Amino acid sequence: MKLRRRSGITDGAARTGALGGPGRFVERVQRLPGTRTDDAILEVRDLSVAYVTDAGLVMAVDRVDLDLARGEFLGVVGESGCGKSTLLFGIAQLLSPPARIVGGSVKFRGSEIAGLSDKQLRHIRWRDYSVVMQSAMNALNPVMTVAAQMRDVCRAHSEMSDLEIRERSAEVLRLVSIDPVHLDSHPHQLSGGMRQRAMIAMALLFTPDLVIMDEPTSALDVVAQRSLMVQIKELQQRLGFAVIFVTHDMSLVSNFSDRLAVMYAGQVAELGGTRQLFDFPLHPYTQGLLEAFPSIRGPKMHLQGIPGQPPDLAQPPPGCRFAPRCAKVTAPCLTIDPPLFDKNGDLVRCLLYKAGRPELGAAIFPSPQDRPGAGPSLSDLGVANPERTNDQ
Amino acid sequence: MRFILRRTGFFLFTMWAAVTVNFVIPRLMPGNPALAMIARYKGHINGQALKALELLFGVKAHVNIVSEYFTYLDNIIHGRFGTSYTFFPESVSHEVLQAIPWTLGLVGVTTILAFILGTLIGLVSAWRRGGLLDSMLPPIFVITSAFPYFWIALLCVWLFGIKLNWLPEFGGYAYQSTPGWQWSFISDVLVHSILPATTILVTSIGGWILTMRNNVISVLGEDYVRMARAKGLKPWTVMWGYAGRNAILPNLTGFAMSLGFVVSGAILVEFVFNYPGVGWMLLDAVSNEDYPLMQALFLLITLAVLTAVLLADIATALLDARTRDLA
Amino acid sequence: MAVQTIFRHQAVEPSASRRRRPPGANLWRAVRHNRKATAGALLLLFFLVLAIFPGQIAPYSYASTNFAPALPPSAAHWFGTTALGQDIFSQLVYGTRESLIIAFAVGGLSTFISVIVGVSAAYLRGFADGVLSLFTDVLLVIPTFPLIILIAAYVRSAGLLTIIIVLGLLGWSYGARQLRSQVLSLRDRDFLESARVRGERSLYIIVVEVLPTMTSLIVASFLGAALYAVLTAAGLQFIGLGDPNAQSWGTMLYWAENNEALGAGMPLWAIMPGVCVALLGASFALLNYAFDEISNPALRPVRKMMKADLDGLDTAARLRNVPRASRLGREA
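From first to last, the protein sequence lines stand for chains A, B and C. Counting along the first sequence from 1, when you hit position 25 you're at 25 in the working numbering, and nothing is skipped either side. Counting along the second sequence from 1, when you hit position 225 you're at 617 in the working numbering, and nothing is skipped either side. Counting along the third sequence from 1, when you hit position 155 you're at 874 in the working numbering, and nothing is skipped either side.
Rather than coming from a laboratory, the hints here were simulated on the basis of the structure. There could be a bad hint or two in this list.
Said to hold, decoys possible - Think about it this way: if two alpha-carbon atoms lie no more than 27 Å apart in a straight line, the pair counts; the simulated DSSO-like pairs of lysine-lysine are:
id: 1; chain 1: A; residue 1: Lys-354; chain 2: A; residue 2: Lys-328
id: 2; chain 1: B; residue 1: Lys-626; chain 2: A; residue 2: Lys-119
id: 3; chain 1: A; residue 1: Lys-354; chain 2: A; residue 2: Lys-343
id: 4; chain 1: A; residue 1: Lys-300; chain 2: A; residue 2: Lys-328
id: 5; chain 1: A; residue 1: Lys-343; chain 2: A; residue 2: Lys-107
id: 6; chain 1: A; residue 1: Lys-107; chain 2: B; residue 2: Lys-626
Nothing here was measured: the structure is a model prediction, and the numbers come from that model.
Required output: the full structure, derived from the provided sequences and hints.
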């Protein structure tokens, strides 16, 4: 199995020292959910991530489906503990024990990357997709200078000379409005906002196709958050990379995202275009979230919270996971775990919308029980050469 | 650099504290024990040396204690520790200088070796969590790190020295060899040092392995290690540059703090093997009630420990920019 | 909830419910589940029994010299006899008491001082903290064993009380440092802030709010001090600075060494007391290490995923009437 390998550095941009220029620019695509086109840079199907504990497996991410087109900005929102960070690391293959992928597939530019070892992934890491983490203070090595941290990734993935590396590092820092003199600083010598931007700069060293961001603004104050978001969006439009942006701050990301995925208790509750989701939220959870944000300009409203707590993922409720807290719960909700239904292009995991076509769920994929002794065996999950997924 | 200056200041302050403790303790003891010792010296040494001893231990009742203190400090700084009773009529300084190379060679080398080996093994075993090394090592070394040095020494003496008669268990060299730089003497010394060195190595390595392993495990959970993985760096690079370099920092600090144990172990090991180093000389001095020698040796050991601590601090400052900027 | 706790790699924060339970309950549960802790606890228990009921276990008294000297091990004398004709086994049993007394007394004294110094230094901050910290650091760095030897030499022969006092007064610095840094990290947490706002006095805050969260650190400190005490006391007695008439393992070693036990065919006389010291020390070390694991879950042995887990997955999926996720697919 060979992963398509990018030759040289991103279109020669780094070699010539020019910014990732117009060659990388891609039009913003308004992607219709559910449509599989060849434009998809990321295809996640049925991804499940579990934590191995003494009490058994805890499903942090339960059968999540996602698509991402080139240049698209996808926001993933949800409360703490809903599994969004775990989903992110599951997609980026950065899980560490006791967490591991226990089912599903992740296709990056058409090639399967789920279950690959670090060694196999090394070819595409950072060059084709990179990661920005939550707290730069923790994510940057405290005993190395910024330049050294950029140097080691450049050396690992390219043949650039030290001078070229230095130039490229200065270039990406300028992209995020940091004076390149800070290349020789250690992380603790930079301010919080600068650190975060330095991390983003580092993620753009090879102008990858996809940048995965795990709450990069959470550690900043409100003003810095906004300016960072603007900068990210501008870079994204200029350089044309796709972004998956995980955050708990729905209002922040909704200004910049093309599509939004709302997660609850390890599952995608709703997935659709940002504007549409905000104007017509379908899932009761999303409705509850939006009702919790007052509008600055509108009439005074009585703020509604969502009563109750998210479920314990070690013992998820038998039916819909949101049912215990749902204002619109019906009897079948307590026993049937709904798949995603399509309503006007918006995917929603709620039985209220059952009339629409069930989009991504049981009906589409054939049962995996195509051999006796159903279910994966241990060797399947760790060894090469199992059968293909039920895709296409 | 300010950090190093601060540490040097601490070094000097602690040295001063040790010297002062040395001054105060004999004067606090009921019935100044030095009196008896001085009585033994009378008639054997000249008046000047006797006077120096009296100053060291404060036997004269009517002397101003403050001026005595400063004279004492002056003597210490110039290395005038008096005459040794055990090695009469040699001066204390002369005798002490003889013993230093033995201890430095044995204890110094093996401690550094144990630190380096232990750190490496700890790093590797934590890197492969769940591997063979990781599941075997912790329980074994937890137990062995609790073993008293002198007991392992006794076991070695009995097993390899007496029962099997493979290695010499007594002294630094066979008493019939003539000291000198010829190979026969040097090899004799090396052979005699095998058992004591093994004892120290075996007992102390456990602690390093365990602490390094725990440090590495904590570091491996940090975001920057995950980030290094995300960057697609080679595992070797991640292990050394990211995990190892950060994990070793608390170990260096721990090295400084555990030197106390190392010293106590070294003294006992030298005692059991009759190895002619500083520790053995100290215990010999104790049994002979040779207080001047005891004092000097205590100050010497303190000086050595403080120097090692200072060196470890300098190493930490070199490795970690945060420490440099702290002071 | 479970996911979020596992994902963060910091120590678990003190939650409201945990503080309501008595500080001992969590520890007890943790000890039962951890293998090292149980091993250590059993060893300690064994020695405790020996110390409390020596008369019932040892066949003869410590000092009786009625037997032929230098006997090899036999049914009557499990480890043989000494050069003076005493039964080694009985000596070992009677010697347990003194070692345990030293361990617990020094451990308690050391821990007591280190709690006071460490917590006060962290809580008072400023000049008081500077002075206390300097004092702690100096004591930490000065090699205490030679210092103890010096003091013991001046005192001529150190009885039990002297040993306890000297060891206790010199051994608290490491624990004080650890406690101080722990309190410093806790100092600005919200639950302390709320206590301050309620107007509680500093002493109340320290004793009622701060100390219970540091129970495991204090226990670890105690165990470390006890280990240090056992080894150092044995070492002191071994080189002859203890009371030669005391009934303890260290003294046995002293007499054994003086009578050339190893070379003269009585190796057990020298080896067995060492074994006892080693085992008692090991029990403290095991408990100490286990507490490290308990307070930092990342150090616990890694659990591999087992077939049973996957079966559980299948069952759950079948119950929910939804087809299970496919296997991980790969390009052929």
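The hints, checked one at a time:
1. A:Lys-354 x A:Lys-328: holds (14 Å)
2. B:Lys-626 x A:Lys-119: holds (8 Å)
3. A:Lys-354 x A:Lys-343: Within the cut-off at roughly 9 Å; holds.
4. A:Lys-300 x A:Lys-328: holds (25 Å)
5. A:Lys-343 x A:Lys-107: holds (26 Å)
6. A:Lys-107 x B:Lys-626: Cα-Cα ~23 Å, so holds.
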